[in-house]
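Visitor: Sequence positions in the sequence shown follow my numbering and run 813 to 1137.
Derived from the structure by calculation, the hints contain no laboratory data.
You may find that some hints are simply not true.
Label-pair restraints from in silico Cβ distances [what the hints assert, rightly or not]:
| # | residue 1 | residue 2 | range |
| --- | --- | --- | --- |
| 1 | D880 | P921 | 21 to 29 Å |
| 2 | P921 | Q992 | 17 to 25 Å |
| 3 | P1051 | F894 | 27 to 35 Å |
C-beta: ideal position from N, C-alpha, C; glycine also.
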Amino acid sequence: MAEVVCLGEALIDMVAQQKGVTIAEAKGFSPAPGGAPANVAVGVAKLGVCSAFLGKVGADPFGYLLRDTLHQHGVDVGGMRFDESARTALAFVSLTKEGVPDFIFYRNPSADMLYEPGDVDTHRLRRAKIFHFGSISLLDEPVRSATLFALQIARESGALISYDPNMRPALWRSEEEGKQQMEAGMRYADVVKMNETELKFLTGVSMPEVGITHLFTRFPQLVLVAVTLGEKGCYYATPVRSGAVAGIPVEVVETVGCGDAFVAAMLVQLRKRARGRDAVRNLSDLDLQRTFLYANAAGAITATRPGAIPALPTDAEVAEMLQKF
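The task is simple: from the sequences and hints, build the whole structure.
Guide: Right, dumping it as structure tokens:
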């Protein structure tokens, strides 16, 4: 049975075949399975912990490709649902010369947006030790209601709740609404990972140590916040401890999926080192440093390869990198 259950969007990234061009300038695109929660589910499985994915895709070739890809990487896909009336979401992605992505989404509505409370696999969810979700599933109905229903079950079942306030302005009807939905997820979370841009957007502060303090004040149920800093590594804090872990220098191919690799590695380490939210709150400095060194390594490896899911590392690959670092 899956220890980590991820809920949210699974979609196809249509990645421009040339770097350094806009989406409109691209001469061709290559389809790649993706979606942040789906990536995290694969990342967890590749690192050796049983995971499951809950969400809805279209009953179309792309939806079946997503199901098969997740299954091939060891993810339990028994909780996936298929919609006959809506297509699998597409995200067209262009990459800068440095490998930084820009997105345009084709949904409105796509199958992931039509995931309903009745679609939630409560059997798998009640047995999860960690439940992970992201902000995109809070943007629209009925998937918002399904996500809130799943959060209620996860909390009642004692699962540690992990949240990614994924900032995607291209999906927002307005900046104010986008911020409201990002903040809505914060109210349910025990553990949150965000990047520098998301931290500043939510708090108005760019310094991680100050911004995280604001988050603990506004959302007192939080027990761990991690802010990724790109090549500089990450900063983390619990209510009683904080620290930073330096980045691992690598030759960057692209950054698609790096944040998801970081989240997956963080969750795997939390499952290993802490059982429940109180244990996470009280993790030692040594455990926190090791957790985020491992997460940094997973993100760094992902940056050296093209694609998201194919780039996600195994536990052996992370261990090998850490031996060199």
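Visitor: Which of the listed hints are broken here?
Guide: Those not satisfied come down to hint 3.
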